[in-house]
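> Letter by letter, the chains look like this.
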Amino acid sequence: MNTAILAADHIVKRFAGHTAVDGLTLTVPKGVIYGLLGPNGAGKTTTIRMIMNIYVPDSGSVRLFGEDGTGRDHSARIGYLPEERGLYPKMRVLDVLVFLAEMRGVSRRVARARAGEWLERLGLSDWRAQKVNALSKGMQQKVQFISTVLHDPDLLVMDEAFAGLDPVNSQVLKDTVLDLRGRGKTILLSTHIMEQAEKLCDSVCIIARGRKLVDGTLADVKRTHGGRHVIVNFDGARGDADRVFADRRLVSKADVSGQYAELELAASADAQEILQALVRSGARLARFELAEPSLNKIFIDLVGPEAATPTARSEAVDGG
Amino acid sequence: MAKLFAVIRREFRERVRQRWFWVMALLGPLLFAGLFFLPLLLAGSGGIKRIVVVDGTRTSFGVGVASALQRSGVFTAVRVPARVGLVDSLTRAVGAKELDGFLLLTDAAVDSGKAEYRSSNVSAFRTIAVLERTLGQLATAARLERAGVNPTVVATAQVHLDLETKKITGGKTTGESAAQSFSLAYFMSYLLLLAIIIYGVNVMGSIVEEKTNRVMEVLVSSVRPFQLMAGKVLGVGAVSIFQFLIWAVSARLLLRVRARFASTTALSDSASVFQIPHVSLGTAAIFTACFIGGFLLYSSMYAAVGAISSSDQEARQAQQPVTWLLVLSFFGMLGMLNDPGSKLAVILSLIPFTSPIAVPARWAAGTLSAGEVTLALVLQAVGIVAVTWVAARIYRVGILMTGKRPSLKEIVRWVRVG
Chain X
1 MNTAILAADH IVKRFAGHTA VDGLTLTVPK GVIYGLLGPN GAGKTTTIRM
51 IMNIYVPDSG SVRLFGEDGT GRDHSARIGY LPEERGLYPK MRVLDVLVFL
101 AEMRGVSRRV ARARAGEWLE RLGLSDWRAQ KVNALSKGMQ QKVQFISTVL
151 HDPDLLVMDE AFAGLDPVNS QVLKDTVLDL RGRGKTILLS THIMEQAEKL
201 CDSVCIIARG RKLVDGTLAD VKRTHGGRHV IVNFDGARGD ADRVFADRRL
251 VSKADVSGQY AELELAASAD AQEILQALVR SGARLARFEL AEPSLNKIFI
301 DLVGPEAATP TARSEAVDGG
Chain B
1 MAKLFAVIRR EFRERVRQRW FWVMALLGPL LFAGLFFLPL LLAGSGGIKR
51 IVVVDGTRTS FGVGVASALQ RSGVFTAVRV PARVGLVDSL TRAVGAKELD
101 GFLLLTDAAV DSGKAEYRSS NVSAFRTIAV LERTLGQLAT AARLERAGVN
151 PTVVATAQVH LDLETKKITG GKTTGESAAQ SFSLAYFMSY LLLLAIIIYG
201 VNVMGSIVEE KTNRVMEVLV SSVRPFQLMA GKVLGVGAVS IFQFLIWAVS
251 ARLLLRVRAR FASTTALSDS ASVFQIPHVS LGTAAIFTAC FIGGFLLYSS
301 MYAAVGAISS SDQEARQAQQ PVTWLLVLSF FGMLGMLNDP GSKLAVILSL
351 IPFTSPIAVP ARWAAGTLSA GEVTLALVLQ AVGIVAVTWV AARIYRVGIL
401 MTGKRPSLKE IVRWVRVG
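Those protein sequences? They're chains X and B, same order as listed.
Under my numbering, the first residue of the first sequence is numbered 1, with each subsequent residue one higher.
Under my numbering, the first residue of the second sequence is numbered 1, with each subsequent residue one higher.
Accuracy of the hints is not assured; some may be wrong.
What the hints assert, rightly or not - Calculated lysine to aspartate or glutamate pairs in the DMTMM-like style (CA-CA distance at most 25 Å, straight line): (1) K90(X) with E14(B); (2) K3(B) with D152(X); (3) K409(B) with D152(X); (4) K3(B) with E117(X); (5) K131(X) with D111(B); (6) K90(X) with E209(B); (7) K3(B) with D58(X); (8) K131(X) with E209(B).
As the list claims (entries may be wrong) - Over 10 Å on every C-beta distance to chain B, these chain X residues come out as not near it, computed from the model: (9) H10; (10) I54; (11) E84; (12) A163; (13) Q171; (14) I193; (15) K199; (16) R243; (17) Q259; (18) E264; (19) V303.
Keep in mind that the hints were calculated from the coordinates and are not lab data.
Yeah, the Cβ is synthetic: ideal placement off N, Cα and C, and Gly gets one too.
Please model the entire structure based on the sequences and the hints provided.
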């Protein structure tokens, strides 16, 4: 494993009468895209705010870049996209970008040049002298994103990275994130959208109610928590497939939705038996595949349906 | 430090670019222009009265009156010897507004002190006053001469007496009258009150804005909250001083124009109707020091209010105690101007919350020694440090709070825990 860019050690944060983050330990190696996953109210935002030194942990410690100093001390090397996005609506686009870069310790001259390049790259050059509130929401998202990476940070921290992005911006964000990783940067993103995490992340940490459930590389997590899986696609006729899925000697768990089903094999079962049983049941199959489980499935198995409904209290305090 | 300057620059630039800044910048001089020129115009609005002196005397009295009135600068007086039908034609001329009025003089003016002035406007008391004074003086002189008194003695005896009230400051007599000192004190306090409220609320608004548009979180992840607060206060403060500079320069220019205007229109006499009090360097320095002190003190309180509020409406409610404190010190000062040396006045000019308004007022009224000013300013500085310290602690926790407004108990805890 590479050197840790970010190491949180048993961090705890309590708010009046409730513990938002409860002894969380996580390690983000250099050059990876790291997903902090969890349902709403799991403590993702609180964790990120502690990393950014916006909140001070009640106990435990955060170490960045293997050096001493808080998130604020290292702010020149960190790009931060908070869950609650915002820009100065009445400022001009270029001025906002330059100001926010200055807050990260970039000189005005350099900030102007880089902002120009980024605006060009994301097709916003014509809007540089416009006020922010004259821009469409999608364009504002791009400006916000530019402000996060303008100072060329080594670590990018994005809370609910894809929340509220339209498909075009979502793609722009993905491309840029992948490009940054290609240049050796590290990205920490939190999301509760597992499909996106699965496509992007090299490593993940799944948390619920302030505690870590599992972490590691995506492949490891899938191997250790996935079990053996079969993905089935029907080709119209399903025959008596539901009876096969309900057979606990073959299938321990089935996630069926219309023409698609994801099956977890029972401990002693053989995938070939299921295939035979399905054919015998009269189902027509378009696809029968031995597969890794999806991250979404692991997530739901681990977190459980009840953890997905946060208590009213935690929602009020940090909303993440 | 670079970050602090960046915050200051942003606050300054964004404000100076806004329309309301220039509206205010122009409104000031317009107000001054009104203040400086309106009295002039009003005084001169009758302008120079065109009158005719109908001379029915057998002496040179009529000639003397006409030339004395001409010299007064208030009238253009033409002497016409009395003849039949003249009064009728003059009355028509007044009716047609070709003439403002006419003075009927006979020997009775000197003998029994009777004369007649007919005009479309006999309530213009200033006009009447000049007429009466001129006539009275000349009649007295004529009577004395007739009684055989040497004309030079008469002239000497008639030297006009003007009672002037002059203020003594620091053992030196200044050119200011009591009324001028009072109006200066009043004007300065009012200006301070307005400026501190306007710009203090501005600081508050800017913080609430950052909270509501969620820029705050990004800022706080890279700048210390205290730097942010200080940058705001200093940036907005710089804007206010810039605003004052614009006003001061325009006021000076207007005063110069006014002086020229007054002299070219031969209204130098009318100009004295409204004297602009002389603002000495010391007064200006104290005014500036108290503005800066008051602004720093109150804007950090307004900053704390902004930090604990999640919306403009909430902030507007929460700022009331701060504004009241300021308004109270203004009214305290008003009450004290009657007796600027009273015990209450002394106390008000030492408490940091009231001294920014009380000190310039008492200084202008002339009851403040340099030692007292120094003490007041030192106490003010101590107050600023203490208030900023408390405000910064409230600010630091408050800026990340959204939703419910914290209770007073919670705020006290923030300050204690820090």
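> None of the hints should be skipped; say for each whether it holds.
Hints, verified against the model:
1. Of the pairs offered as hints, the one joining K90(X) and E14(B) holds, with about 8 Å between alpha carbons and a cut-off of 25 Å not exceeded.
2. Restraint check for K3(B) and D152(X): satisfied, since their Cα atoms lie roughly 18 Å apart, inside the 25 Å limit.
3. Note on K409(B) and D152(X): the hinted pairing is violated, with a Cα-Cα distance of about 43 Å set against a maximum of 25 Å.
4. At most 25 Å may separate the alpha-carbon atoms for a hinted pair to count; K3(B) and E117(X) meet this at roughly 23 Å.
5. Between the alpha carbons of K131(X) and D111(B) the distance comes to roughly 84 Å, so the proposed pair goes past 25 Å and is violated.
6. For the suggested pair K90(X) and E209(B), the alpha carbons sit about 11 Å apart, so the restraint of at most 25 Å is met.
7. A threshold of 25 Å between alpha carbons decides the hint, and for K3(B) with D58(X) the separation of about 28 Å lies outside it, so the pair is violated.
8. Among the hinted pairs, K131(X) with E209(B) is consistent with the structure: their alpha-carbon atoms are about 16 Å apart, no more than 25 Å.
9. With a least CB separation of 22 Å from chain B, H10(X) remains clear of the 10 Å interface cut-off, as annotated.
10. Not every CB of chain B is more than 10 Å from the CB of I54(X) (nearest about 6 Å), against its label as outside the interface.
11. Listed as a non-interface residue, E84(X) fails to keep its Cβ farther than 10 Å from every Cβ of chain B; the least gap is roughly 4 Å.
12. Against the 10 Å criterion, A163(X) stays outside the reach of chain B, whose nearest CB is about 13 Å from its own CB.
13. Every CB of chain B is more than 10 Å from the CB of Q171(X) (nearest about 24 Å), matching its label as outside the interface.
14. No Cβ of chain B comes within 10 Å of the Cβ of I193(X); the nearest lies about 21 Å off, and the non-interface call holds.
15. Taking the minimum C-beta to C-beta distance to chain B, about 27 Å, the non-interface status of K199(X) holds against the 10 Å cut.
16. Interface exclusion of R243(X) from chain B stands, the closest Cβ pair being 52 Å apart, more than 10 Å.
17. For Q259(X), the condition that its CB be more than 10 Å from all CB atoms of chain B holds, with the nearest at approximately 43 Å.
18. With 10 Å as the threshold on Cβ separation, the claim that E264(X) sits away from chain B holds: the shortest Cβ distance comes to roughly 41 Å.
19. No Cβ of chain B approaches the Cβ of V303(X) within 10 Å, the least distance being about 26 Å, so the stated non-interface status holds.
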